[in-house]
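Asks: Sequence:
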Amino acid sequence: MLYDRNISFLREKINALRTAILNDLNSFSQYYIYPCLIHAEDVDQKGHVWFSMDSRKYDVALFEKPVPVRLQFFSSGKNFRLDITGMASLPTEKDRITHKDDNRALKPTEDTFPVKVKIFYAEYADVKTPQSTTNVFSMLYYKWLNGNQPTQMLVLR
Numbered sequence: 036m037l038y039d040r041n042i043s044f045l046r047e048k049i050n051a052l053r054t055a056i057l058n059d060l061n062s063f064s065q066y067y068i069y070p071c072l073i074h075a076e077d078v079d080q081k082g083h084v085w086f087s088m089d090s091r092k093y094d095v096a097l098f099e100k101p102v103p104v105r106l107q108f109f110s111s112g113k114n115f116r117l118d119i120t121g122m123a124s125l126p127t128e129k130d131r132i133t134h135k136d137d138n139r140a141l142k143p144t145e146d147t148f149p150v151k152v153k154i155f156y157a158e159y160a161d162v163k164t165p166q167s168t169t170n171v172f173s174m175l176y177y178k179w180l181n182g183n184q185p186t187q188m189l190v191l192r
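Residue numbers (our numbering): 36 to 192.
You may find that some hints are simply not true.
Said to hold, decoys possible - When the alpha-carbon atoms are kept at most 27 Å apart in a straight line, the in silico DSS-like pairs for lysine-lysine are as follows:
{"hint": "1", "residue 1": "K153", "residue 2": "K81"}
{"hint": "2", "residue 1": "K129", "residue 2": "K100"}
{"hint": "3", "residue 1": "K113", "residue 2": "K129"}
Claimed, not checked - Label-pair ranges, simulated between beta-carbon atoms:
{"hint": "4", "residue 1": "I56", "residue 2": "K153", "range": "16 to 22 Å"}
{"hint": "5", "residue 1": "F63", "residue 2": "D161", "range": "32 to 38 Å"}
{"hint": "6", "residue 1": "D79", "residue 2": "D161", "range": "24 to 30 Å"}
{"hint": "7", "residue 1": "E128", "residue 2": "V162", "range": "38 to 44 Å"}
Just so you know, the hints here were simulated from the structure itself, not pulled from any lab data. Keep in mind it's a predicted model, so treat the numbers as computed, not measured. Glycine included, C-beta positions come from ideal geometry on N, C-alpha and C.
Let's have the full structure, built from the sequences with the hints guiding it.
Replies: This is the structure:
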């Protein structure tokens with residue numbers, strides 16, 4: 036039951052963000068996957084994140100064996116981030132049969148191939164957006180115009 040709630044929470048957050056940076060954690064490998072942007076297509080009940088990779092830039096052979104990766108989900112308009120660590124691999128025929136959605140990620144084309152990441156560890160964090168310098172000065176100026184002298188003066192160098 037707790038596992039289902041965690042997966043549904045991760046699914047909700049991944050669907051809200053969609054965009055992630057994929058980083059290869061296996062630096063001692065013969066093949067290295069350069070960091071790239073991915074767009075998550077789906078999260079299934081087994082804890083797999085599904086997405087497509089560009090076959091013109093990346094070889095399918097990189098994912099024939101499971102590869103440890105980190106997905107760093109972000110969006111400029113959201114006030115949270117999500118880091119997922121797991122193993123990326125190509126889906127098997129059994130995976131494709133059990134995951135019968137009409138997702139683009141499951142349909143390989145001549146330019147793309149599907150990849151799934153089994154989630155081992157997820158880190159969720161609320162991100163507070165810093166107040167910009169212009170907002171601070173405009174607030175102080177507004178208070179000064181209205182006769183409310185600020186009690187503290189910010190000095191930004």
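Asks: For a quick check of understanding: which of the numbered hints are violated here, in increasing order?
Replies: Structure breaks hint 3 only.
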